[in-house]
Amino acid sequence: MIEAIPTQFIIIFVGLLAIMAFVGLNAVVLVYLERKVAGFIHRRPGPYEVGPPCFPHGILQPLADGLKLVGKQIFTPRGADSFLFWLAPMISIAPAIVCFIAIPFGPYLQVINTNVGLILILAFTGINVLALCLAGWASQNKYGLIGAARDISQGVAYEIPLLLVVLSVVFMTGTFNLFDIADGQGAWPWQWYIVYQPLAFILFFICALAETNRNPFDLPEAESELTAGFHTEYSGMAFACFFLAEYAYMVVAACIIAILFLGGFQGPVAPGIWWFLAKVYVLLLIMIWIRWTFPRVRFDQLLNICWKWLIPLAVLNLLITLAVIAL
Amino acid sequence: MENLEYERLAWAVLFGHIVIIVVGGFMTVLSQSLVRALVGLIMTLFGVAGLFFLMAAPFIALMQILIYVGAVSVLIFFAIMLTSAWPGGDESGKCSGRKYIYAGVAGLVPAVILATAAIRSAPPSFLVPEETEISVLGKFFLEDFILPFELISLLLTVAMAGAVVLAFEMRRKK
Chain S
4 MIEAIPTQFI
14 IIFVGLLAIM
24 AFVGLNAVVL
34 VYLERKVAGF
44 IHRRPGPYEV
54 GPPCFPHGIL
64 QPLADGLKLV
74 GKQIFTPRGA
84 DSFLFWLAPM
94 ISIAPAIVCF
104 IAIPFGPYLQ
114 VINTNVGLIL
124 ILAFTGINVL
134 ALCLAGWASQ
144 NKYGLIGAAR
154 DISQGVAYEI
164 PLLLVVLSVV
174 FMTGTFNLFD
184 IADGQGAWPW
194 QWYIVYQPLA
204 FILFFICALA
214 ETNRNPFDLP
224 EAESELTAGF
234 HTEYSGMAFA
244 CFFLAEYAYM
254 VVAACIIAIL
264 FLGGFQGPVA
274 PGIWWFLAKV
284 YVLLLIMIWI
294 RWTFPRVRFD
304 QLLNICWKWL
314 IPLAVLNLLI
324 TLAVIAL
Chain C
79 MENLEYERLA
89 WAVLFGHIVI
99 IVVGGFMTVL
109 SQSLVRALVG
119 LIMTLFGVAG
129 LFFLMAAPFI
139 ALMQILIYVG
149 AVSVLIFFAI
159 MLTSAWPGGD
169 ESGKCSGRKY
179 IYAGVAGLVP
189 AVILATAAIR
199 SAPPSFLVPE
209 ETEISVLGKF
219 FLEDFILPFE
229 LISLLLTVAM
239 AGAVVLAFEM
249 RRKK
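Going line by line, the protein sequences match chains S and C.
My numbering numbers the first residue of the first sequence as 4 and each following residue consecutively.
My numbering numbers the first residue of the second sequence as 79 and each following residue consecutively.
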C-alpha cells in the first residue's frame, strides 16, 4: 500500500471542494446583487418581502430561490435524447469549476501555480459552447435548436478576438503563468497593464460579455424571442446547473480581466486577496449594470461587430504590441 | 517498494485513459445518432488529452482540449445541424456482416502497424517524465522544424480556400 497520499493530490482535492463552495456561494450573492441592481435601475425596490423582519431588504430571497430550484421536479421532454439531455448540464458546470484552479486569488492563495494557467482557462471555457449546443439539440425543441445555432456562431466568432487580445498581453509579459502576470504589475493603478493596453482591455471586456452570453449579447437565450433559448426545456436543478455555470464563467472572466489588466492581487496597503475580490466584484457589478442598461443587439449586428470591428482592432493591437516589443 | 506501488498506480491510470478512449471510439462508430457519435469522439479526444497530461506535456494536452474539443468538435456539430441527418435516415438500416469485417480490418491494420512500430523503437520510459517548457517547444517548432510547421499552415490555407470555392459554386448552382 501507499502510505502517504501525495500532497499535490490533497491540495487539488481540497482546492476543488473550496472552489465548489465558492461557486455556489458566489451565485447566491450575484443573484441577489443582480435583482437588486435591476430593481434600482428600474426604480423599484427589487426583492423585498422574503424573510422575517430581522432580515431586511429581502436578503433571504436567493435562499428561497435555491430551495425552489432544488425542490422542483425535473423531467425529460417527450422525444428528447435523454442521455445527451442530462449530459449537457454536467458538461456545462464541470469545466467551470476546473477553470478556477489556476486563478491566483492572492499571493498565497492558488490551487496550482502552473505555467499554462491562461491556456488552461481558455481551453476549459471553450467547452461550455459544446454543452449549450448539446442542450439545445437534445431537448428536441425549436427554440432550443435556434439558441444552440446562435450560441455556436457567437462563441466561435468571439473566441478569435479574445485569443488575439490575450496574445498581445502574453507577448508583453512573455508568460502564460497567471501568477507571474499579476506579479509583474505594480501596486498602483498606473503600473497596471490597462495603461499600456487600453484597447485590449475594452476588446477583452466586450468579448468576455459575448462569451459568457451576457446582455447585450445574450442571443442564445433571448427570452423575448426564444422563450429561454437552449435551456427552454430544463427545470429545477438541471436549469440551476446552467445558471451556476453562467455565473461561474462570469466570475472567471472577471478574474482574468482583473489579472491581465488590473494588477490581479496587487494593491496598496490591504492584503492581496481583498484587492482581488474587490476588483472582481466591481467588474461583475459593471457587467450587471451593462445588462440592465443596454438593449440586446440583433444577430447580424452581433456578427458585424465581431468580424468588422473587433477582429481587425485586435489584430492591429497585436501588431502594434509586437512592433513596440521589437523596438 | 513504494516506487513499485506508484508504478502500479500509474498503470491503473494509464488503463483508465485507454478504456475512456476505446469506449469513446466504439460509441463514435456504433451509435445511431450523429450527435451521440460526436459525444463519443469528444470522449476519445479527452482521453487522449489525459494521456498527454500523463506524459507531462500539459501544454499539448490543453491545446488538444482547446482546439479539438473546443473548436473542431463544435464545427462538426454545426455541420451535423446543417445536414439534418436524423437517426431514421437511409443509412440507419442494418448493414451486412461483411461490412463489419471490412471495418474491423480497416481499423486493426493501422493499429497493429503503429503498435509494432511503437513497441520496437520505443525509447526507455522515465519513472517521472520531465516537463518541457513552452519556450523550448516554440524554439523547437520555429528553428529545427520550421519547414514542416509552415507546410501544415499552407495545407490549412489550401483547405480553407477549397471550402470557399466549393461554397461559391454551390451558391451559383442555386
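For the record, the hints were derived by calculation from the structure and aren't laboratory data.
Keep in mind that a hint or two might mislead.
Example chain S residues on the side facing chain C (calculated, C-beta under 8 Å, incomplete) [what the hints assert, rightly or not]:
(1) ALA83
(2) PHE86
(3) LEU87
(4) ILE115
(5) THR117
(6) VAL119
(7) PHE127
(8) GLY129
(9) VAL132
(10) LEU133
(11) CYS136
(12) ILE155
The structure displayed is predicted, hence computed values, not measured ones.
All residues carry an ideal CB built from backbone N, CA and C; glycine is no exception.
Structure-based check of all given hints:
1. Evaluation of the ALA83 of chain S hint against chain C yields a violated restraint, the C-beta minimum of about 12 Å exceeding 8 Å.
2. Taking 8 Å as the C-beta contact cut-off toward chain C, the hint placing PHE86 of chain S at the interface holds, the least distance being around 7 Å.
3. For LEU87 of chain S, the suggested interface contact is upheld, since its CB lies about 6 Å from the closest CB of chain C, less than 8 Å.
4. For ILE115 of chain S, the suggested interface contact is broken, since its CB lies about 10 Å from the closest CB of chain C, more than 8 Å.
5. With a cut of 8 Å, the hint placing THR117 of chain S at the interface with chain C holds, because the nearest CB-to-CB distance is about 7 Å.
6. Checking VAL119 of chain S against chain C by beta carbon gives a least distance of about 5 Å; that is within 8 Å, so the hint holds.
7. Proximity of PHE127 of chain S to chain C holds as hinted, the smallest CB-CB distance being about 7 Å (cut-off 8 Å).
8. Given the 8 Å rule on beta carbons, the hint for GLY129 of chain S holds: about 3 Å separates it from the nearest Cβ of chain C.
9. About 5 Å separates the beta-carbon of VAL132 of chain S from the nearest beta-carbon of chain C, less than 8 Å, and the hint is met.
10. The criterion of a C-beta within 8 Å of any C-beta in chain C is met by LEU133 of chain S, whose closest approach is roughly 6 Å, and the hint holds.
11. Because the closest C-beta pair between CYS136 of chain S and chain C is about 5 Å apart, less than 8 Å, the hint holds.
12. Because the beta carbon of ILE155 of chain S sits about 5 Å from the nearest beta carbon in chain C, less than 8 Å, this interface hint is met.
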